[in-house]
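Participant: As you go down the protein sequences, you meet chains Y and W in turn. Be aware that the first sequence starts at 1, since it is given in UniProt numbering, and climbs by one per residue. Be aware that the second sequence starts at 1, since it is given in UniProt numbering, and climbs by one per residue.
Hints are computed from structural coordinates only; laboratory data are not their basis. Hints are not guaranteed to be accurate.
Here are the simulated distance ranges between beta carbons [stated by the list, open to error]:
no., chain 1, residue 1, chain 2, residue 2, range
1, Y, Gly166, W, Lys186, 49 to 55 Å
2, W, Lys186, Y, Ser114, 25 to 31 Å
3, W, Gln421, Y, Asp178, 31 to 37 Å
4, Y, Lys117, W, Asp205, 51 to 57 Å
5, W, Gly301, Y, Ala215, 51 to 57 Å
6, W, Thr195, Y, Asp178, 46 to 52 Å
7, W, Glu98, Y, Ala255, 27 to 33 Å
8, W, Val429, Y, Ala215, 50 to 56 Å
We treat Cβ as the ideally placed atom computed from N, Cα and C, and that holds for glycine.
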Amino acid sequence: MAASISSSCCVSSLRLIPFKRTFFSSVNPPSKNLILRPIPSFLRTIVTFQKIPTGIVSPLPASSSPSSSVDLQPIEELPPKLQEIVKLFQSVQEPKAKYEQLLFYGKNLKPLDSRFKTRENKVEGCVSQVWVRAFFDEERNVVYEADSDSVLTKGLAALLVNGLSGRPVTEILRVTPDFAVLLGLQQSLTPSRNNGFLNMLKLMQKKALSLEVKAEEGTSESTTDEASVVEVDLESKPPSVVEVEESESVSNVVALGSRGMRIREKLEKELNPVELEVEDVSYQHAGHAAVRGSAGADGETHFNLRVVSDAFQGKSLVKRHRMVYDLLQEELQSGLHALSIVAKTPAEV
Amino acid sequence: MEGVAMKLPSFKTLSPTPISVASTFSIRRSFSFARRSSSLSAATITADSEPVSLGHRARKDFRILHQEVNGSKLVYLDSAATSQKPAAVLEALQTYYEFYNSNVHRGIHYLSAKATDEFELARKKVARFINASDSREIVFTRNATEAINLVAYSWGLSNLKPGDEVILTVAEHHSCIVPWQIVSQKTGAVLKFVTLNEDETPDIDMLREMISEKTKLVAVHHVSNVLASSLPIEEIVVWAHEVGAKVLVDACQSVPHMVVDVQKLNADFLVASSHKMCGPTGIGFLYGKSDLLLAMPPFLGGGEMISDVFLDHSTYAEPPSRFEAGTPAIGEAIALGAACDYLSDIGMPKIHEYEVELAKYLYETLASVPDVRIYGPRPSESVQRAALCSFNVEGLHPTDLATFLDQQHGVAIRSGHHCAQPLHRYLGVNASARASLYFYNTKEDVDSFIVALADTVSFFNSFK
Chain Y
1 MAASISSSCC VSSLRLIPFK RTFFSSVNPP SKNLILRPIP SFLRTIVTFQ KIPTGIVSPL
61 PASSSPSSSV DLQPIEELPP KLQEIVKLFQ SVQEPKAKYE QLLFYGKNLK PLDSRFKTRE
121 NKVEGCVSQV WVRAFFDEER NVVYEADSDS VLTKGLAALL VNGLSGRPVT EILRVTPDFA
181 VLLGLQQSLT PSRNNGFLNM LKLMQKKALS LEVKAEEGTS ESTTDEASVV EVDLESKPPS
241 VVEVEESESV SNVVALGSRG MRIREKLEKE LNPVELEVED VSYQHAGHAA VRGSAGADGE
301 THFNLRVVSD AFQGKSLVKR HRMVYDLLQE ELQSGLHALS IVAKTPAEV
Chain W
1 MEGVAMKLPS FKTLSPTPIS VASTFSIRRS FSFARRSSSL SAATITADSE PVSLGHRARK
61 DFRILHQEVN GSKLVYLDSA ATSQKPAAVL EALQTYYEFY NSNVHRGIHY LSAKATDEFE
121 LARKKVARFI NASDSREIVF TRNATEAINL VAYSWGLSNL KPGDEVILTV AEHHSCIVPW
181 QIVSQKTGAV LKFVTLNEDE TPDIDMLREM ISEKTKLVAV HHVSNVLASS LPIEEIVVWA
241 HEVGAKVLVD ACQSVPHMVV DVQKLNADFL VASSHKMCGP TGIGFLYGKS DLLLAMPPFL
301 GGGEMISDVF LDHSTYAEPP SRFEAGTPAI GEAIALGAAC DYLSDIGMPK IHEYEVELAK
361 YLYETLASVP DVRIYGPRPS ESVQRAALCS FNVEGLHPTD LATFLDQQHG VAIRSGHHCA
421 QPLHRYLGVN ASARASLYFY NTKEDVDSFI VALADTVSFF NSFK
């Protein structure tokens with residue numbers, strides 16, 4: 001019934017389910033008593049709830065679909081910290097208190113250095129300005145930083161940062177926006193460009209993926225016992241945001257051009273693979289700077305490779321990738337920009 | 001007793017004469033406080049000794065205003081974005097579809113003749129509403145934006161040459177900037193922008209100086225949807241005509257709120273949207289002087305706007321048909337006509353008078369809230385503001401403000417750039433909040449807004 005903000009101006013919209021309507025009225029009495037305790041100040045509310053061990057707050061049964069018939073992603077699939085946050089919000093019934101909780105998160109969000117407030121880091125579709133930055137830590141978990149000039153949006157960003165930071169890419173990519181419903185912040189989940197919250201999550205996932213792809217291509221920069229870091233003249237210009245489609249599994253079959261054919265030939269000849277897949281995904285990167293400026297601009301700049309060969313036997317991942325790159329040196333120097341490689345032995349398949 | 005859209009009895013046969021259909025309904029109508037001014041005054045007489053304001057009386061005709069959102073009473077303060085519709089307008093739309101829906105201008109049979117009559121009657125009502133001398137000077141479009149595009153593509157492309165100048169202000173709505181950008185790129189014309197003076201109103205002196213022999217068009221708003229200021233259109237037209245330039249007036253925020261007389265203004269083109277003046281969405285209009293329209297080539301091509309069609313060429317109809325390709329939004333046009341009737345019954349001078357008072361009240365109470373910065377001129381003896389305020393609160397993002405107002409207090413305002421990004425850039429802000437009123441708002445609405453605003457500000461301040 002609440003009228004949604006018209007889409008003529010994009011807005012990061014935030015709605016709360018009024019207390020009476022919430023489908024968590026089935027929450028056990030212990031939590032209810034908690035809420036009814038008189039709370040003198042905003043801060044006290046927050047501190048109180050933070051002290052609650054998760055035991056008191058009754059965890060939702062897996063895949064609970066309360067009033068709506070919509071199947072939500074089960075809470076257990078979420079990264080652990082995000083699960084905690086969701087439960088915390090569920091235990092806070094009163095809308096105003098939820099806001100306070102949100103603002104508290106936002107207030108404690110580590111500020112983002114202004115040099116990271118770039119166009120690439122900006123979330124589309126928000127009247128308020130939101131920036132998100134992502135990078136890997138030593139263990140190849142994604143670390144996020146974010147900021148916004150709107151405190152509510154900052155709170156939402158903080159939720160996501162706290163919930164997703166320090167987790168591996170695969171876990172982050174698995175998260176669907178469903179959990180926003182579980183929070184009781186009735187975020188509109190229609191994937192329109194007006195949805196700031198959804199777009200924030202999407203951008204964070206996109207960045208996580210692109211970190212992964214970059215790492216795959218350039219091999220790990222981390223110091224492993226592989227002392228030799230493969231010197232590949234790939235990212236001479238850092239790519240901007242990877243234009244990955246929403247469903248990464250979409251594979252548009254693109255007929256191989258001359259480069260693609262050359263790659264295939266070379267790999268077949270030198271590696272004698274049992275399986276070989278060469279996929280031209282240049283269209284996904286058509287936007288960013290390196291592609292536009294590439295010499296030999298026949299448009300074939302990005303490929304996914306899947307190679308299953310005995311030649312990889314006994315070699316580490318880094319060494320396998322290095323083998324492939326070495327074979328394709330010529331291409332790499334004449335306009336091939338990046339490769340995403342899956343290299344396995346027949347036994348590993 | 002609220003004016004609600006009543007379900008009409010189903011008539012199996014329509015009476016032969018068109019008028020009788022209307023009279024059958026008039027009995028019902030007089031019970032809904034909507035239409036006749038006599039019934040309005042009857043209400044006042046029977047009311048308490050305290051005179052009931054226009055807002056209180058009018059509210060009864062708007063069922064949508066009587067609801068709760070998020071647990072609080074709805075306080076709708078976003079009429080500058082779109083207005084609410086009275087029962088009479090909804091009835092007119094329903095009646096059209098229930099009783100005489102038929103394609104216009106083409107058919108011979110009874111229903112289509114009736115539909116055509118009502119459609120053309122609506123055109124006459126609009127013409128009368130703005131005092132156009134001839135209803136053929138009214139072209140129905142989808143909305144004001146399309147109307148401006150019509151002028152840009154039809155008049156602009158055939159009249160603008162390289163080096164010609166089009167004068168706009170930085171406070172224009174995007175619909176009165178972007179089409180001119182597109183057309184100037186195609187024709188080589190140059191856009192010039194009038195900036196604001198220290199009263200945060202477009203600088204009229206600057207505008208006057210900008211007008212030269214090179215000027216071919218001055219396209220400006222009548223009332224600004226952000227600044228609440230008005231421009232002296234009559235004078236601007238005089239200056240423009242002196243150099244042979246035309247004037248297009250964006251009257252979206254003026255036609256719904258005050259008397260607009262195109263003959264008095266002597267504007268060459270004027271545009272407005274139905275949905276801002278109690279009419280439905282999907283219809284708007286362009287007023288253009290006859291001789292101008294006659295000389296303009298078509299905008300969209302198709303049926304209705306033609307005279308004869310051959311395989312290799314076609315001849316075109318006279319205006320306004322020339323610019324109305326395809327089946328029009330018939331029901332919507334008729335409902336717009338009903339909206340014109342509704343507003344005229346109350347009387348535009350009365351509506352304007354009421355809004356001037358409400359505008360002052362809004363401005364004064366809003367200005368009294370600490371840390372609030374309202375954009376546009378201060379109201380005074382010489383300066384009358386429209387009944388809207390775009391503002392920012394120090395240290396609080398308008399989105400946060402609007403969200404909290406909606407969630408905790410049911411107050412509906414707008415936050416964003418209000419389709420005036422250049423203006424916001426000029427003012428040095430990213431976005432602003434805007435509360436806008438219409439004649440169905442009351443002093444109590446303003447009070448609720450201010451209370452809610454104070455609560456919101458203190459809530460967010462406690463987090464600093």
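Participant: Okay, which hints does this one fail, numbers in order?
Facilitator: Structure breaks hints 2, 4, 7 and 8.
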